[in-house]
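A.B. asks: One-letter residues, chain by chain:
Protein chains: 2
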Amino acid sequence: MKIEQCSFRYEDKFSLLNGESIEGFELVYETYGELNAEKNNAVLVCHAFSGSHHAAGVDPTTDKPGWWHEFIGPGKAIDTDKYFVVSPNNLGSCYGSTGPLTVNNVTGKPYGSSFPALDVYDWVASQDLLRENLGVKAWEMVLGGSLGGMQALEWSISFSGKIKKAGIIAATALVSSQNIALNQVAREIIRKDIAFENGDYLLANKKPKDGLKVARMLGHITYLSETNFKNRFGRKLQDAENKIDENIDFEVENYLRYQGEKFSEYFDANSYILLTKVMDTFNPAARFNNNIVEALKNCIAKLLILSFDDDWLFPTQYSKELHLAAIKAGVHSSFIELSGQHGHDSFLFTSDDYTSAISNFLNHA
Amino acid sequence: MKIEQCSFRYEDKFSLLNGESIEGFELVYETYGELNAEKNNAVLVCHAFSGSHHAAGVDPTTDKPGWWHEFIGPGKAIDTDKYFVVSPNNLGSCYGSTGPLTVNNVTGKPYGSSFPALDVYDWVASQDLLRENLGVKAWEMVLGGSLGGMQALEWSISFSGKIKKAGIIAATALVSSQNIALNQVAREIIRKDIAFENGDYLLANKKPKDGLKVARMLGHITYLSETNFKNRFGRKLQDAENKIDENIDFEVENYLRYQGEKFSEYFDANSYILLTKVMDTFNPAARFNNNIVEALKNCIAKLLILSFDDDWLFPTQYSKELHLAAIKAGVHSSFIELSGQHGHDSFLFTSDDYTSAISNFLNHA
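Top line first, the protein sequences correspond to chains R and X. Throughout, the numbering used here is defined as the position within the first sequence, counted from one, plus 3. Throughout, the numbering used here is defined as the position within the second sequence, counted from one, plus 3.
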């Protein structure tokens with residue numbers, strides 16, 4: 004499989020949905036497979052909250068496989084012998100695309116907490132400029148899980164004609180009050196870290212690692228499920244030898260502490276806050292009197308709406324409601340609920356049913 | 004209704020289940036109604052995690068009704084014209100009974116984080132000394148919700164003969180891996196507060212209020228339910244006038260922040276950590292090879308096991324499993340699932356069905 008690590012630089016002023024703007028931006032992205040001569044085999048893959056553009060293959064610097072490497076490759080669900088897959092890192096994230104870590108040319112300092120609030124629409128608009136730059140008339144499919152699925156939904160509503168199919172996986176048109184509450188707790192955990200310095204920790208040469216770590220621990224719980232925790236950890240006690248600290252009794256505590264610690268090494272706190280806000284405020288029907296059916300009347304793409312039975316963060320009910328709205332709007336929409344074993348994170352794990360659902364839709368819908 | 008605010012002081016060494024001990028203790032408690040001459044009308048009410056002994060009536064100092072005031076009183080589910088209700092504050096808590104805020108006579112300093120780890124068994128053992136002191140041969144009933152229900156279960160197993168009936172409400176014989184994970188996040192939030200000082204904040208004349216506040220926000224989410232959040236807040240935006248700070252968009256954020264703030268004024272951080280650990284490590288079957296059926300073979304009390312359909316913290320499944328174990332052990336056990344509208348917190352809110360279930364069992368089982 005041909006893999007390329009690329010960068011797209013947009014030099015003009017880029018207006019955001021909220022009326023603010025940034026002076027140009029950079030999107031880093033990876034591509035898998037080759038764009039054909041007709042340029043009609045391009046698939047856009049959108050990452051979730053803390054994901055990156057590294058979706059497939061093995062990263063040469065970290066030696067790690069991409070977050071969807073089981074789905075993207077020769078003979079896989081998204082067959083790179085046939086399709087050219089584009090995977091960008093989103094604006095506001097911290098893996099190379101323009102975001103809080105980027106130096107603002109106007110001030111000469113990193114944006115930090117002054118990076119403007121983004122909407123999923125802004126991500127999609129920046130991806131549309133990348134599409135144009137690649138010479139692709141329309142994506143064969145745009146797909147992703149969680150916040151990635153929300154981008155696919157936004158594409159199908161707001162960039163009608165530039166996308167033929169959308170895969171909206173473990174996602175929703177509106178996150179719930181409970182999700183907002185959980186995200187707000189994560190933000191508060193980070194903001195209360197003494198090293199956060201009101202978001203200006205970069206200037207102070209600090210990093211609110213403790214806050215990031217504990218926020219991630221909370222996130223991690225919500226991405227899995229009670230069944231998953233029960234099967235993996237149950238109430239097993241942590242052996243003394245591998246205990247991270249003396250306050251720990253159970254394996255599940257040690258695991259979460261370890262995962263949170265790792266995450267806090269590489270993620271950025273301002274990005275964490277910004278990206279959770281993007282999720283909370285996502286509302287593709289906002290410009291249509293909050294009527295999702297009216298919004299979906301703009302959609303001419305075919306939709307695959309997919310959920311997992313043990314996802315309690317974005318439960319199946321949300322997907323059903325979205326499917327029903329699409330049907331009412333006259334959209335070609337297909338819905339399937341699959342059995343998952345990893346809660347909300349099930350969208351990251353392959354299964355025969357899951358890969359069949361994606362490849363069948365991509366190739367035959 | 005006759006209300007008395009009392010204190011029971013135990014002067015001897017009090018051995019704990021884990022082998023440690025404390026040099027005596029004090030239990031503050033309230034009583035409602037009057038103990039009859041035969042001393043056979045006493046009901047013990049056990050509070051949940053952050054509750055206190057103030058279960059009924061109106062507290063003269065704060066002017067607030069008790070946490071179960073709708074259930075306890077003349078003509079109510081627990082009729083104080085008939086029953087004498089005893090409601091203690093648990094060891095390790097922060098409302099007057101011996102706990103981390105208490106001065107350790109040996110060192111002359113507050114226990115703080117050095118207060119020994121407790122087991123639900125220790126609470127029940129201390130309550131049993133109170134029972135003896137009151138001259139009550141056996142409680143007519145011991146009941147409570149959540150961690151209060153766990154005490155009722157422990158009573159029925161470990162103090163057989165001293166209790167005739169137990170009401171185990173929204174509780175479980177073993178909390179789940181997911182609950183442990185959530186409690187551990189709360190503990191980490193508190194420990195990472197710069198004012199926590201490794202638990203010695205009292206000596207430093209500090210209070211880790213931010214940590215307590217955010218931990219409570221997380222707890223609050225788990226005590227409610229998605230449906231409850233949806234009905235109360237949905238995605239309503241917070242009006243500018245009442246915004247606690249500029250980072251807030253949604254009403255639900257403001258609400259949680261406000262509730263967390265209030266809680267952090269009066270609760271103690273070391274108690275928070277200690278009490279969540281009591282919950283996590285609760286296992287009344289530990290002394291019976293982790294076999295809850297074997298443990299329940301000691302129970303001669305009649306059990307009422309009650310759950311709520313929208314409780315996701317201690318879901319109905321747990322109560323069903325406990326009921327089945329009781330049946331296998333030959334215990335007289337009655338199970339009912341009620342409709343709740345407040346998630347796990349449903350046990351605090353009255354309804355005709357709920358009060359009927361309790362009063363019927365108390366008077367006629």
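Hints were generated in silico from the structure; no laboratory data involved. Some hints could be false.
Since the list gives no way to pick out one identical chain from another, each pair is judged satisfied if it fits inside one copy or across any two copies.
With a straight-line Cα cutoff of 30 Å, these simulated DSBU-like cross-link-like pairs (lysine-lysine) come out [unchecked claim]:
1. Lys280 / Lys5
2. Lys233 / Lys331
3. Lys140 / Lys42
4. Lys239 / Lys280
5. Lys209 / Lys85
6. Lys16 / Lys233
7. Lys212 / Lys280
8. Lys265 / Lys212
9. Lys212 / Lys42
10. Lys331 / Lys239
11. Lys323 / Lys42
12. Lys331 / Lys246
13. Lys331 / Lys67
14. Lys246 / Lys210
15. Lys300 / Lys239
16. Lys67 / Lys85
17. Lys239 / Lys323
18. Lys233 / Lys300
19. Lys265 / Lys67
20. Lys280 / Lys42
21. Lys305 / Lys280
22. Lys246 / Lys280
A.B. asks: For every hint, state whether the structure bears it out.
C.D. replies: Structure-based check of all given hints:
1. Lys280 / Lys5: Neither: 35 Å inside a chain and 52 Å across chains, both beyond 30 Å.
2. Lys233 / Lys331: between (40 Å within a copy, 24 Å between copies)
3. Lys140 / Lys42: Close inside one copy (7 Å), not across copies (86 Å); limit 30 Å.
4. Lys239 / Lys280: between (36 Å within a copy, 15 Å between copies)
5. Lys209 / Lys85: neither (46 Å within a copy, 64 Å between copies)
6. Lys16 / Lys233: Neither: 50 Å inside a chain and 39 Å across chains, both beyond 30 Å.
7. Lys212 / Lys280: Both: 20 Å inside a copy, 25 Å across copies.
8. Lys265 / Lys212: Answer is both: 10 Å inside a copy and 27 Å across each meet the 30 Å cutoff.
9. Lys212 / Lys42: neither (44 Å within a copy, 58 Å between copies)
10. Lys331 / Lys239: Between copies only: 25 Å across chains, 49 Å inside a chain, cut-off 30 Å.
11. Lys323 / Lys42: neither (34 Å within a copy, 59 Å between copies)
12. Lys331 / Lys246: neither (54 Å within a copy, 38 Å between copies)
13. Lys331 / Lys67: Neither: 43 Å inside a copy, 51 Å across copies.
14. Lys246 / Lys210: Both: 25 Å inside a copy, 28 Å across copies.
15. Lys300 / Lys239: between (51 Å within a copy, 25 Å between copies)
16. Lys67 / Lys85: Classified as within: same-chain Cα gap 24 Å, cross-chain 69 Å, threshold 30 Å.
17. Lys239 / Lys323: between (37 Å within a copy, 23 Å between copies)
18. Lys233 / Lys300: Close across copies (26 Å), not inside one copy (43 Å); limit 30 Å.
19. Lys265 / Lys67: within (14 Å within a copy, 46 Å between copies)
20. Lys280 / Lys42: neither (35 Å within a copy, 59 Å between copies)
21. Lys305 / Lys280: within (28 Å within a copy, 51 Å between copies)
22. Lys246 / Lys280: between (34 Å within a copy, 17 Å between copies)
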